[in-house]
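Please work from the sequences and hints to get the whole structure.
Chains as they are written, first to last, in this note's numbering: chain A, 1 to 259; chain B, 260 to 587.
Note that these hints are calculated values from the structure, not bench results. Please read these numbers as outputs of a predicted model, since none were measured by experiment. Among these hints, one or two may not hold up.
[Stated by the list, open to error] Okay, derived cross-link-like pairs now, DSS-like style, lysine-lysine, Cα gap no bigger than 27 Å in a straight line:
(1) Lys48/A with Lys103/A
(2) Lys65/A with Lys203/A
(3) Lys230/A with Lys392/B
(4) Lys257/A with Lys341/B
(5) Lys24/A with Lys392/B
(6) Lys221/A with Lys392/B
(7) Lys235/A with Lys203/A
(8) Lys519/B with Lys230/A
(9) Lys221/A with Lys235/A
(10) Lys477/B with Lys552/B
(11) Lys217/A with Lys203/A
(12) Lys217/A with Lys392/B
(13) Lys250/A with Lys524/B
(14) Lys221/A with Lys24/A
(15) Lys477/B with Lys230/A
(16) Lys455/B with Lys392/B
(17) Lys387/B with Lys217/A
(18) Lys217/A with Lys341/B
(19) Lys341/B with Lys235/A
(20) Lys552/B with Lys243/A
(21) Lys235/A with Lys524/B
(22) Lys229/A with Lys583/B
(23) Lys239/A with Lys276/B
(24) Lys103/A with Lys207/A
(25) Lys235/A with Lys583/B
(26) Lys30/A with Lys392/B
[As the list claims (entries may be wrong)] Taking CB as the label site, the calculated pair distances span:
(27) Ala445/B with Glu145/A: 21 to 27 Å
(28) Asp205/A with Arg460/B: 48 to 54 Å
(29) Pro228/A with Lys583/B: 32 to 38 Å
(30) Asn545/B with Pro87/A: 40 to 46 Å
(31) Asp151/A with Lys455/B: 31 to 37 Å
(32) Asp385/B with Lys235/A: 37 to 43 Å
(33) Pro171/A with Ser586/B: 36 to 42 Å
(34) Lys229/A with Gly293/B: 45 to 51 Å
(35) Gly306/B with Glu28/A: 50 to 56 Å
(36) Thr560/B with Ala15/A: 15 to 21 Å
(37) Lys224/A with Glu480/B: 29 to 35 Å
Every residue, glycine too, gets a C-beta built ideally from N, C-alpha and C.
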Amino acid sequence: MNILVLVKQVPDVEAIIRAQSDTKLDIENKYALNFFDEFAVEEALRIKEKLGDGKVTVATLGSRKAADALRRGIAMGADEAFQIEDPALEEVDGYTTARTLAKFIEGQDYDVILCGKQAIDDDSGAVGPALAQLLGIPCLTSIVELEIDGDKKEVIATREIEGGREIVTCPLPALFTAQKGLNEPRIPQVAGVMKAMKAQIAKIDLKALGLSPEDVKPKTKILKYYPPKKRPPVKMIEKEFPKNVEALVKLLREQEKVI
Amino acid sequence: MAGIWIFVEQRDGVIRKVSMELLSGGRGLASTLGEEVAAVLFGDGVGFLAEELSKYTDTVYVIDDPLYHHYSADSYGESLAKMVRECNPSILLGGSTFMGRDLFPWLACRLATGYAADCIDLTIGDDKGIIAKRPMYGGKVLADVTFSHVRPQMATVRPNVFTLKSPDGEKNGEIIRIEPKINPTAIRTRVERVEKTSTDRVDLTEADIVVAAGRGIKGPENFHIIEELAEVINATVGTTRAVVDNQWRDHDDQIGKSGKVISPKLYMAFGISGAIHHTMGIDTSNVIVAVDKNPNSLIFTYADYGIVGDLFQIVPALTAEFKKALSE
Ligand SMILES: Cc1cc2nc3c(=O)[nH]c(=O)nc-3n(C[C@H](O)[C@H](O)[C@H](O)COP(=O)(O)OP(=O)(O)OC[C@H]3O[C@@H](n4cnc5c(N)ncnc54)[C@H](O)[C@@H]3O)c2cc1C
Ligand SMILES: Nc1ncnc2c1ncn2[C@@H]1O[C@H](COP(=O)(O)O)[C@@H](O)[C@H]1O
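As structure tokens, this is what we get:
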């Protein structure tokens, strides 16, 4: 079974991020493999381990520190890594990313493709479904369970929906996006980290994919960044119990009118 | 024929609240642009819903067919792509739900057009294109996104962004039935069954009022005090990751970065410390109330109203007080 995991290096959840100007962000230098992509890598490794054969490939589109996502994937146990890098890919959106990744995948033979539910930088969750569409393979998003029948090339997956779960079957090859709950990602061992440090990462540019800069022009444009609205300072209700409870109920009903 | 299309999501014959909100919001955008509004409804046995929708829109496109009983991008996406190509709407909107966030990016790619996910506002710019406001980096920044040079302009919108308004006078829109023309074998994903995890309460993402307890609740056996409060004020119950990790509640109830993003009118947090991963999920709540025994809890830097106290004392008293007030 050939498994591909698409991974992205993103600012850590804790990183401080501010709008520096209308079009530029000031991002603290704290990056990590996308939270949801860890579940995707872990699931790929588990499929390989369970079926007892196969190969896990990790790939990313991005320059410089993007390769750290690949190294993390290798440290966890991935066999092979590719980095797609090109000056024309400095500004991308979900469409561009999917289009470029699709070109990279075309002609290769993957049974399972895994993405994260969303990248916690753009928070779009667009690349997975878009990529599946371009590749013409089925797509199941936000999965929390995956069971693969390697012989029949079929899967049964559980996706999270509002107020419940949907149990869905589909044939392989297919693409899945990982939601938290799918598994517990492993922490890389020292040997894995050493291997990752030394690993060769194959680099691919647009030309090698047969794409021109024109092909990967984003469809969307960010006009402006700005900070979220500041919440007003808290009003502490200092009265003794039970007067404080009475005061709160009164506030919510008469002033805020939310109940 | 341009126009604003709203993809109306239904499950089991019930239209999602966010879809109805979008019909209201869509009417607003349509009057700014001088365009018409259409609803697109897919399902099995949903004819009666089409009648209902015709009160709100100029046109209702409906596919009512057993093949559309469950959602699949293979069926819903292909049909919608065909319809969009024929009618060329300028804008296509849907709810930021699990279905919407599966269908819209798939379809946007199929149509080679632009898509903005999980928007918290939509306005019309000088060039008559949409300006979509959306949170990024877990809400640490907001961005205005445009894609006015492509058609249709596609966006998914969070619940509680637009307010529900009944139409001024019924529109009596035209209902247009579309034949699916889809080969059953083209639908490759098959829903075997649906397991409902929650009660009959509205989902966290769409709730007007959410009450949540964190690790301060001490154990699953104590959640009944939160449930009782929720019952009285008609709220949905949520929680933190710490509670879910302890398996006191399902992941379905988790609010935050790796759970659900909520935008209720009122959010009440009990025994929740207010870690950034949690508050990322409540950023667009209107009024936030926090009760915690630690006066230095981070949650108090975030809330509108705070009470320092023991939740085991406060919650039952609050339930009783609301009960009293609401029966007056
Ligand atoms: C990548 C990542 C993603 C994450 N995603 C999420 C997410 O989606 N959602 C989420 O919630 N968390 C998430 N977390 C975890 C988050 O960082 C916090 O650990 C978690 O939110 C803490 O939960 P808590 O507030 O219930 O528990 P605690 O931090 O332990 O807080 C318990 C609070 O209860 C108070 N308390 C105790 N007893 C009482 C009492 N009797 N009366 C009143 N108050 C009392 C305490 O003073 C304290 O403030 C994530 C973390 C990481 C690293
Ligand atoms: N630049 C990228 N390189 C590789 N994979 C990506 C990239 N961007 C997004 N993805 C994958 O697509 C998922 C969703 O990303 P997004 O649509 O940006 O929210 C991520 O979790 C990754 O699995």
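Hint-by-hint comparison with the structure:
Distance check on the hinted pair: lysine 48/A and lysine 103/A sit about 25 Å apart at the alpha-carbon level, within 27 Å; holds. Distance restraint check for lysine 65/A and lysine 203/A: the Cα-Cα separation of roughly 13 Å lies within the 27 Å cut-off, and the hinted pair is therefore satisfied. Distance hint between lysine 230/A and lysine 392/B is fulfilled; the C-alpha atoms sit about 16 Å from each other, no more than 27 Å. For the suggested pair lysine 257/A and lysine 341/B, the alpha carbons sit about 46 Å apart, so the restraint of at most 27 Å is broken.
Of the pairs offered as hints, the one joining lysine 24/A and lysine 392/B holds, with about 16 Å between alpha carbons and a cut-off of 27 Å not exceeded. Only pairs whose Cα atoms come within 27 Å are accepted, and lysine 221/A paired with lysine 392/B is accepted, the gap being roughly 12 Å. Of the supplied pair hints, the one linking lysine 235/A and lysine 203/A is violated, its CA atoms being roughly 55 Å apart against a limit of 27 Å. A threshold of 27 Å between alpha carbons decides the hint, and for lysine 519/B with lysine 230/A the separation of about 21 Å falls inside it, so the pair holds.
At most 27 Å may separate the alpha-carbon atoms for a hinted pair to count; lysine 221/A and lysine 235/A exceed this at roughly 39 Å. Distance check on the hinted pair: lysine 477/B and lysine 552/B sit about 13 Å apart at the alpha-carbon level, within 27 Å; holds. Taking the CA atoms of lysine 217/A and lysine 203/A, the gap is near 21 Å; set against the 27 Å cutoff, the hint holds. Our distance criterion of 27 Å between C-alpha atoms is met by lysine 217/A and lysine 392/B, whose separation comes to about 21 Å.
At roughly 16 Å between alpha-carbon atoms, lysine 250/A and lysine 524/B fall within 27 Å of each other, so this suggested pair holds. Taking the CA atoms of lysine 221/A and lysine 24/A, the gap is about 13 Å. The hint holds against a cut of 27 Å. Of the supplied pair hints, the one linking lysine 477/B and lysine 230/A is violated, its CA atoms being roughly 32 Å apart against a limit of 27 Å. Distance hint between lysine 455/B and lysine 392/B is unfulfilled; the C-alpha atoms sit about 33 Å from each other, more than 27 Å.
For the hint pairing lysine 387/B with lysine 217/A, the CA-to-CA distance comes to about 22 Å; that is within 27 Å, so the pair holds. Taken as a hint, the lysine 217/A and lysine 341/B pair is honoured in the structure, with Cα atoms around 24 Å apart against an allowance of 27 Å. The suggested pairing of lysine 341/B with lysine 235/A is violated, with an alpha-carbon distance near 54 Å, which exceeds 27 Å. Of the pairs offered as hints, the one joining lysine 552/B and lysine 243/A holds, with about 17 Å between alpha carbons and a cut-off of 27 Å not exceeded.
Among the hinted pairs, lysine 235/A with lysine 524/B is consistent with the structure: their alpha-carbon atoms are about 18 Å apart, no more than 27 Å. Using a Cα cut-off of 27 Å, the hinted pair lysine 229/A and lysine 583/B is violated, with the two alpha carbons roughly 35 Å apart. With a CA separation close to 38 Å, the supplied pair lysine 239/A and lysine 276/B exceeds the 27 Å bound. Under the criterion of a C-alpha separation no larger than 27 Å, the hint pairing lysine 103/A with lysine 207/A is consistent with the structure, at around 11 Å.
Between lysine 235/A and lysine 583/B the CA atoms are separated by roughly 24 Å; this keeps the pair inside 27 Å, and the hint holds. A threshold of 27 Å between alpha carbons decides the hint, and for lysine 30/A with lysine 392/B the separation of about 26 Å falls inside it, so the pair holds. Between alanine 445/B and glutamate 145/A, the C-beta spacing of about 26 Å keeps the proposed range 21 to 27 Å intact. For aspartate 205/A and arginine 460/B, the hinted distance range of 48 to 54 Å is satisfied, since their beta carbons lie about 52 Å from each other.
A beta carbon spacing of about 37 Å between proline 228/A and lysine 583/B agrees with the range 32 to 38 Å that was offered as a hint. Here the CB-CB span from asparagine 545/B to proline 87/A is close to 45 Å, well matched to the stated 40 to 46 Å. The hinted window of 31 to 37 Å between aspartate 151/A and lysine 455/B holds, with their beta carbons roughly 32 Å apart. The hinted window of 37 to 43 Å between aspartate 385/B and lysine 235/A holds, with their beta carbons roughly 40 Å apart.
Between proline 171/A and serine 586/B, the C-beta spacing of about 57 Å breaks the proposed range 36 to 42 Å. Take lysine 229/A and glycine 293/B: their Cβ atoms lie about 31 Å apart, and the range 45 to 51 Å is violated. Between glycine 306/B and glutamate 28/A the beta carbon distance is about 54 Å. The supplied range of 50 to 56 Å therefore holds. Range check, threonine 560/B to alanine 15/A: Cβ separation about 19 Å, and the 15 to 21 Å hint holds.
As the Cβ distance of lysine 224/A to glutamate 480/B is approximately 49 Å, the hint placing it in 29 to 35 Å is violated.
Comparing the model with each earlier hint shows violations of hints 4, 7, 9, 15, 16, 19, 22, 23, 33, 34, 37; every other hint is respected.
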